[in-house]
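First to last, the sequence lines map onto chains A and B.
Per my numbering, residue 1 is the first one in the first sequence, and the count goes up by one each step.
Per my numbering, residue 298 is the first one in the second sequence, and the count goes up by one each step.
Hints in this document: simulated from the structure, not taken from any laboratory.
The structure presented is a predicted model; accordingly, all values stated were derived computationally and were not measured.
By construction, the Cβ of each residue, glycine as well, lies at the ideal position given by its N, Cα and C atoms.
Each hint should be verified, as a subset may be incorrect.
Said to hold, decoys possible - Have a look at the derived ranges for each label pair, beta carbon to beta carbon:
no.	chain 1	residue 1	chain 2	residue 2	range
1	B	G411	A	V25	32 to 40 Å
2	A	V123	B	T530	40 to 48 Å
3	A	V147	B	G599	46 to 54 Å
4	B	G489	A	R101	52 to 60 Å
5	A	T218	B	Q381	38 to 46 Å
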Amino acid sequence: MRRLRQWGPGLALLSPSLILLAVFVYGLIAWTLKVSVSDEHTALGSKGFVGLDNYTKLFTDDINDRFVHSLKNLLIFTAVFLVGTMFFGLLWAFLLERGVRAEGFFRTVYLFPMAVSFIASGVVWRWLMNPNKGEGAGGLNAVFGAVHLDFLQSTWWTNPNWGMASMAIPAMWQLSGYVMALFLAGFRGIPQELREAAAMDGASTYRLYRNVIFPQLTPVALSALIIIGHMSMKMFDLIMSVSGPQWLTEVPAVYVWQALLTSDYAKAAAISIILLLLVAVVIVPYLIYTNRAEKSS
Amino acid sequence: MRFSRRAAVAVVGVAALLTATACGSSGDSGGGTGSKKVEVFTWWADGGEKAGLDGLVAQFAKDCPGQTFENGAVAGGAGANAKQVLASRLQQNQPPDTFQAHAGAELLDYINAGQVQDLSADYDTWGLKTAFPQGLIDNLTVDGKIYSVPANIHRANVVWTNKKVLSDAGITDDPKDLAGFIADLDKLKAKGIKSPLAIGKDWTQLMLFESVLITDLGADQFTGLWKGTTDWTSAPVTKAITDFKQLLTYTNTDRDALDWTDAEKLVMDGKAGYQLMGDWEAADLDAKNFTGYGYFTFPGNGATYQWLADSFVLPKGANNADGTKCWLKTVGSADGQKAFNTKKGSIPARTDASPADYPKYQQAAMADWKTEKQVPSCAHGSACSQGWQGAANSALGAFSTNQDVAGLQKALAAAAQQFAKK
Numbered sequence: 001m002r003r004l005r006q007w008g009p010g011l012a013l014l015s016p017s018l019i020l021l022a023v024f025v026y027g028l029i030a031w032t033l034k035v036s037v038s039d040e041h042t043a044l045g046s047k048g049f050v051g052l053d054n055y056t057k058l059f060t061d062d063i064n065d066r067f068v069h070s071l072k073n074l075l076i077f078t079a080v081f082l083v084g085t086m087f088f089g090l091l092w093a094f095l096l097e098r099g100v101r102a103e104g105f106f107r108t109v110y111l112f113p114m115a116v117s118f119i120a121s122g123v124v125w126r127w128l129m130n131p132n133k134g135e136g137a138g139g140l141n142a143v144f145g146a147v148h149l150d151f152l153q154s155t156w157w158t159n160p161n162w163g164m165a166s167m168a169i170p171a172m173w174q175l176s177g178y179v180m181a182l183f184l185a186g187f188r189g190i191p192q193e194l195r196e197a198a199a200m201d202g203a204s205t206y207r208l209y210r211n212v213i214f215p216q217l218t219p220v221a222l223s224a225l226i227i228i229g230h231m232s233m234k235m236f237d238l239i240m241s242v243s244g245p246q247w248l249t250e251v252p253a254v255y256v257w258q259a260l261l262t263s264d265y266a267k268a269a270a271i272s273i274i275l276l277l278l279v280a281v282v283i284v285p286y287l288i289y290t291n292r293a294e295k296s297s
Numbered sequence: 298m299r300f301s302r303r304a305a306v307a308v309v310g311v312a313a314l315l316t317a318t319a320c321g322s323s324g325d326s327g328g329g330t331g332s333k334k335v336e337v338f339t340w341w342a343d344g345g346e347k348a349g350l351d352g353l354v355a356q357f358a359k360d361c362p363g364q365t366f367e368n369g370a371v372a373g374g375a376g377a378n379a380k381q382v383l384a385s386r387l388q389q390n391q392p393p394d395t396f397q398a399h400a401g402a403e404l405l406d407y408i409n410a411g412q413v414q415d416l417s418a419d420y421d422t423w424g425l426k427t428a429f430p431q432g433l434i435d436n437l438t439v440d441g442k443i444y445s446v447p448a449n450i451h452r453a454n455v456v457w458t459n460k461k462v463l464s465d466a467g468i469t470d471d472p473k474d475l476a477g478f479i480a481d482l483d484k485l486k487a488k489g490i491k492s493p494l495a496i497g498k499d500w501t502q503l504m505l506f507e508s509v510l511i512t513d514l515g516a517d518q519f520t521g522l523w524k525g526t527t528d529w530t531s532a533p534v535t536k537a538i539t540d541f542k543q544l545l546t547y548t549n550t551d552r553d554a555l556d557w558t559d560a561e562k563l564v565m566d567g568k569a570g571y572q573l574m575g576d577w578e579a580a581d582l583d584a585k586n587f588t589g590y591g592y593f594t595f596p597g598n599g600a601t602y603q604w605l606a607d608s609f610v611l612p613k614g615a616n617n618a619d620g621t622k623c624w625l626k627t628v629g630s631a632d633g634q635k636a637f638n639t640k641k642g643s644i645p646a647r648t649d650a651s652p653a654d655y656p657k658y659q660q661a662a663m664a665d666w667k668t669e670k671q672v673p674s675c676a677h678g679s680a681c682s683q684g685w686q687g688a689a690n691s692a693l694g695a696f697s698t699n700q701d702v703a704g705l706q707k708a709l710a711a712a713a714q715q716f717a718k719k
């Protein structure tokens, strides 16, 4: 009884959010899972259970290997996006940390794109990345043409092999500043004493960063990777506004939308579950890691 | 005592939250059976479409005294948002009194789900079977029954031209067949027009491909592709894909980045000579004050009218079935079709309309509508279900980059196998 008094009120206070979570997050995930193993391919509703058919069909029996193609697109996008944002974020944070003039101004400039929605920036980047070259060029290609750097002109996202790398450019432009802010906070969190101690030991600047400062940034880098990584896997709005839904730039999230529009609920649910698993593969180890780190500290 | 006070606060807090959610869950449950309201669910929220709907509503007020119109429009191009809202309402058995849908195969999903009612008997009483051309009645009929009343007709297989660009290249006559068309395209290319045939992303490519299919297969075989009687793996389809591939070499390379209005602008700016598009382009060019345009049926299509239409249905479980029937009667009536189409820029499905009420392009289209053979369009849902349409768009999008003839044919055959007769 005493025990119940101890944790009872806490539980009671938490219970509304617990119930909401249980119903609207985990309950709906369970529902999606149920739809994904049914044959609800039209507005007619489900006739029965088909096991993992919907999943295996996505990999073996999809017209033109559409799903595998969308996964390939997502892989290229994610790789370029992650490497790009981490590189630029770290570079800018490093420059600001080294003490440039008007740091506040540059910090705002770099961070500002994050305030713009993907839809708005996507529309602008759609114009900037006009794929016409030469005479009819527009956007960036026209700029390159005007300054006689024609070799830089590109077909951007319409390139069938590496188009998704171009698609990552607006995303990088938008989120590098955010990664920079994370790193900058990491830099600022390192106590001055450590730098002084390293200086006393006669460490060069290179050694100072290589052996003292960067190792302390690992948790920040990991957090940044996870945040950017899961955003990348769920990427939808940017692609919808740059290219619209189409074969060339289709990623799983866009495919889910297309399947829903054609009332193929089972297929849409199966792709959603695969997407959820992909994100979980990234996030769960991170949660375990932070959990351990918190326990040991 | 400290604990019990905390407990009391907690209980009150939880109770307050639960009541709040309980209040939120009791929604409106719609009108009763004796309702005199007709909720009309469309995606006509602005522009010429809204004006057409308003015209129809005015006519409805005249024809159906005692009934009131309730606008259930959900904005969004081609019904992208509206269809989602509609699907959830149908699943909850709370259908609107009537809803807009592309006539033809796109209705199949609703028909198979038993969500819309047979209107064949009403077609007889309203005299629509004689007012509409036989080809349209054939295309609309599913297992001997008709489920929708078309409000308008658009034509898909029309090529739009920039007259000045063509006359500069010495082209005076419309091409009679595909070979003639390609010869004209070559003439334009020789004149320095790099991409004489303007086109946009996947669905506009599907429209062009369907026109080529009509030319190479003929009207009956073409319709059979969607009915399951023509084989997608046959040699004529291969020839059509090869012809289509050749036509693509005359198109703009940034096609996947353009919508139909971007392609239209290429024609208006004189950067292209031709564009294949539905006849809503006439209204759009007029609205943009571009007068130097010409048009002809896609070369080799002969007397074939590839149609698409917006139509209205009677859902099962509609609150006010009498009111809905009166709405449908108005939609199909001569006055209703006139009120709608003169404002929207389409033509009436009825053959007894007076051409004098319509602009120049529509007059020509109305004459063709009476005499030519009707075939449906997959890109606009009159030939194929939504799932099939999505698969076809995706396959054409892939073809735009990989140009793989065998691959496209295989994908289209697989789509037909998956979606035909379902």
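Here is what the structure says about each hint:
| no. | hint | result |
| --- | --- | --- |
| 1 | B:G411 / A:V25: 32 to 40 Å | holds, 34 Å |
| 2 | A:V123 / B:T530: 40 to 48 Å | holds, 41 Å |
| 3 | A:V147 / B:G599: 46 to 54 Å | holds, 52 Å |
| 4 | B:G489 / A:R101: 52 to 60 Å | holds, 53 Å |
| 5 | A:T218 / B:Q381: 38 to 46 Å | holds, 44 Å |
Of the numbered hints listed earlier, not one is contradicted by the structure.
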